[in-house]
Structures are given as structure tokens and as C-alpha cells.
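Keeping their order, the protein sequence lines are chains H and Z.
Each residue of the first sequence is one higher than the last, beginning at 1 in our numbering.
Each residue of the second sequence is one higher than the last, beginning at 1 in our numbering.
These aren't lab readings, by the way, just hints derived from the structure by calculation.
In this text, a Cβ means the ideal position worked out from N, Cα and C, and glycines have one as well.
Just to be clear, a hint being listed does not mean it is correct.
What the hints assert, rightly or not - To give a feel for the contact side, a few chain Z residues facing chain H, derived at Cβ under 8 Å:
(1) Leu9
(2) Asp55
(3) Val66
(4) Gly67
(5) Pro70
(6) Gly74
(7) Ser79
(8) Tyr94
(9) Arg97
(10) Asp108
So you can see what is in the structure, the chains are spelled out below.
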Amino acid sequence: MNFTDIQFDNKGRLRHFLTIEDIPRDTLIQILDTAESFISFGQREIRKAPLLRGKTVVNLFFEPSTRTRTTFEIAAKRLSADVINLDAKRMSTIKGETLLDTVSTIEAMKTDMFVVRDAASGSAFLIAQHVSPEVRIINAGDGRHAHPTQAMLDMFTIRQYKKEFADLSVAIVGDILHSRVARSQIHALKILGVKDIRVVGPKTLIPTAIEKLGASSYHRLETGIENVDVVMMLRLQLERMEGQLIPSEQEYFHLYGLTEEKLKLAKDDVIVMHPGPMNRGLEIASSVADGEHSVILAQVTNGIAIRMSVMATIMGGSR
Amino acid sequence: MHKTNVNALLDKMAQDIANRHLNKPLLIGIHTGGVWLANELHERLELQDPVNTIDITFYRDDYQKVGLQPNVKGSHLPSDMHHRDVILVDDVLYTGRTIRAAMNEIFDYARPDSITLVVLVDRGGRELPIQADVVGEKIELSANQHIKLKGPDELTLQITTAET
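Modelling step: build the complete structure from the supplied sequences, incorporating the hints.
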């Protein structure tokens, strides 16, 4: 069995959200459209829909995260679910219990959905294989593998500003090697029909296999972002780097840091995205992060609507 | 094709609504047929506030059973429905479940002074204690029959019978 089989039930309905790979285009569009309807919830008197009333969602985070965990929590609560946050690093894994034992224990408390983040690639997949069929799993980032809801909120944000995917040029810049976000973004862009997908960064941070996914590599920022409609910056994951992958931080910023000056090479109406948290002055200049082309805060807002949409999509039709 | 003249029904319904002397009436059409009808009524009643729309997808009572419906249109309701008389418009009143869902959603936005339910067709078959205040036409249909409003350019009613 591979990653993609387990995401669907025998009627072809999406049951878990583990990776963008092999999700049909129509399903992705459906998730974006549904999220659109959830955007207005922020303005209502009662910011809740009753879809997940009586359901319990467990945020199981083995890696620290503020914005992803918070937006998942808000999303679940706006769908009327009860939410339990487990900072799993501090609990039983320290006492020697395995990942699956931890999950089984919480599942025995009659919970309906796990939102999982883990440093190991494939954890969410492993859990999805293990739990009973009515329990749903969302991958909130597994190692270097995938971060599908981040990619979907990025697609949503792009569509908000750019409309048609097919004609876009999109550059993903920075630490591609350690980035689960980049992998999910490339899958999503490809399925949604973007033809010009570029990955930009030093050779040491771009895996050679990336071109197989359908992206072309650039090693100079200036050529990589030339005439693009969208620049998606990545966080330089210093904590995951072993050995000398970048020169000094000053040197990296000089070569690959996104400054106002370099951004002029892109289209006039380019949008700049970043999944956060940002290393200001390392991969992105503050003036760009806070500048007129930045849609970074819109990404955060959209993250709630997208996560509501994903949860509502996989949870429905379970009886 | 059913030989109902939808326009004639709308004239009569608009008259019925006008006779109710509602206070600051606010039209809300239920997607999709209800929105078409609300637009027609809006013209006839010469109301100032624009037509609002409601999509009950997130309030359906069969979500657990069948899942999320595709093609969500979203709801566009004003935040200032307090102290207004709402006119809720749908094409066909059948089980009453759609209306229950729509009312639940409306109350998540605000507390209107009243809701008047206006439907083009009441086909019977209610499963909930919900009745319309203004009805264009009553058509008794059996469970294997299906009635649909076609539009939006020319509004016509279509009745089909499923082979059993």
C-alpha cells in the first residue's frame, strides 16, 4: 500500500488528508471552493457551523508549532468540534510509550480526528493505517515529507490574488531540501495546472530528484524570480541542517535573501508568500515581508478557512 | 412540462407579501431556485435592500450520512438583521428540512423580528412541523415524483416521475 491509497475509502471519498499527491484536481478545487464559503464566518455574530458538533478533534503535535496548531484549533472550534491539544513531546513518549500506543490510548477515549505533526516522515500515514476506519487523520507536517494543509492555504491565497493557475509562473525559494512545505506546494501547483514551477536555492539545498516532481531548478535568485507572478519563500531550517549547507548567514542573505531590489525582477503585481515563522534578514528582508507585495498575513487568515474545509470534507458521510 | 405560469404565481405571491405590511422587510433566497424567485419578488415589491442569499450546505441534517455537498455557493447575509422582518424564499417546500437548516443559519447571524416563509410550490410530504405563510401553488406529489424549478432566464416548473 502506498500513501495515496489509504487517503480514500472504497467509494473514492477523501477520508484522511495526508499528502496532496494523487488527490484529483476536482477534489482540490472543491476544497478551495468550500473554504471560500468559510471565509465569511469570521464576520458573523456566531462564528460557528454545526458540522462537527459532538465530535472530538485531537491536536497531536510531537513538534512545536504555534500558528498551525492554533489555526487547526480555531478551525475545529468554528465547526463546533471539541478540541484537545496534546503537546505530545512532554507526555508519554518520554516515558517510553510508542507513537501508536499513544494514539491507541487517546482513540480509546472515543476521539474522532487526529491532527498530527511529527518530526518523522510518514508518521501520519502510519497512524492512519493503525486507527479504526471511522477515525480521520490530518497530516499537519511529517518530517521532510508533506504539509498538505499549508500547501492548500497557499493555493487558496494564490487564487485570491491571481485567479487562473494555468498561466502562472511560481518560484519556490530557499531551503527546498528540508522542506515538507515545498514538496506539497509542488504537488498542488502541478495538479492545479501551473506549468512554470521553479525551485530556487543553492545546490546544497535543492535535492536532485526535485525535477521529477515537475519543477525546474535555478541556482541564482535573480534568474529564478525573473517575471514570476508568485514568490513562495521558505524558512531556512537551521535546526535541521547538519554540516555546512550554507555559507555564512550574511552570505546567504546576500545571495538568496529576498530584498526589494531583487523583487523588481519579478512581475509588477507579484505576490510574496511565506509559511512562517520567518527569519527576517536571513531569507527575507523585513521591508519585503511587510511590504506591498506581501500576502503573508492573508495566508494565516486563509489557513483557518482551508482547515475548516479539509475537516468538513473528510469528516462527512461517516455513518 | 408542468403548465403552471410561474410569473402569474409570482404576481400573486408579491401581492400576498405586500398585504402583510412587514416592517423593513429583508428578502433572503435559498440557493439556487429560491434566489431566482427572490430576485423576481424583489422587483415586484420594489424593496430597497438587495436580495440576500443563503446556502444551507453547512447546516444540512444529512451531513453525517452523506457528507459535504459539492458546489457550495456560500451565504451572503447582512449582519444587521436585528429588528427586521425576514422574507425567506424557496422554490419547493417538501420535508421542511431545508427550511429548518436555513432558519438555524439565520439565527447564527442575528435575531430577526420575524421570518415569513414564501414558497412557489408546496408539494406536501412534510417531515417537520413547518408551514409556509405564502404559497404560490399546492401540488400534491407522490414520493417517486420530482419537481424542479428551471431558470434563471425563464422560470418554469418541471415534474418528472421516477421509474419504480
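Right, here's what the structure says about each hint:
no., hint, result
1, Leu9, "31 Å, violated"
2, Asp55, "7 Å, holds"
3, Val66, "5 Å, holds"
4, Gly67, "3 Å, holds"
5, Pro70, "6 Å, holds"
6, Gly74, "4 Å, holds"
7, Ser79, "7 Å, holds"
8, Tyr94, "22 Å, violated"
9, Arg97, "14 Å, violated"
10, Asp108, "4 Å, holds"
Comparing the model with each earlier hint shows violations of hints 1, 8 and 9; every other hint is respected.
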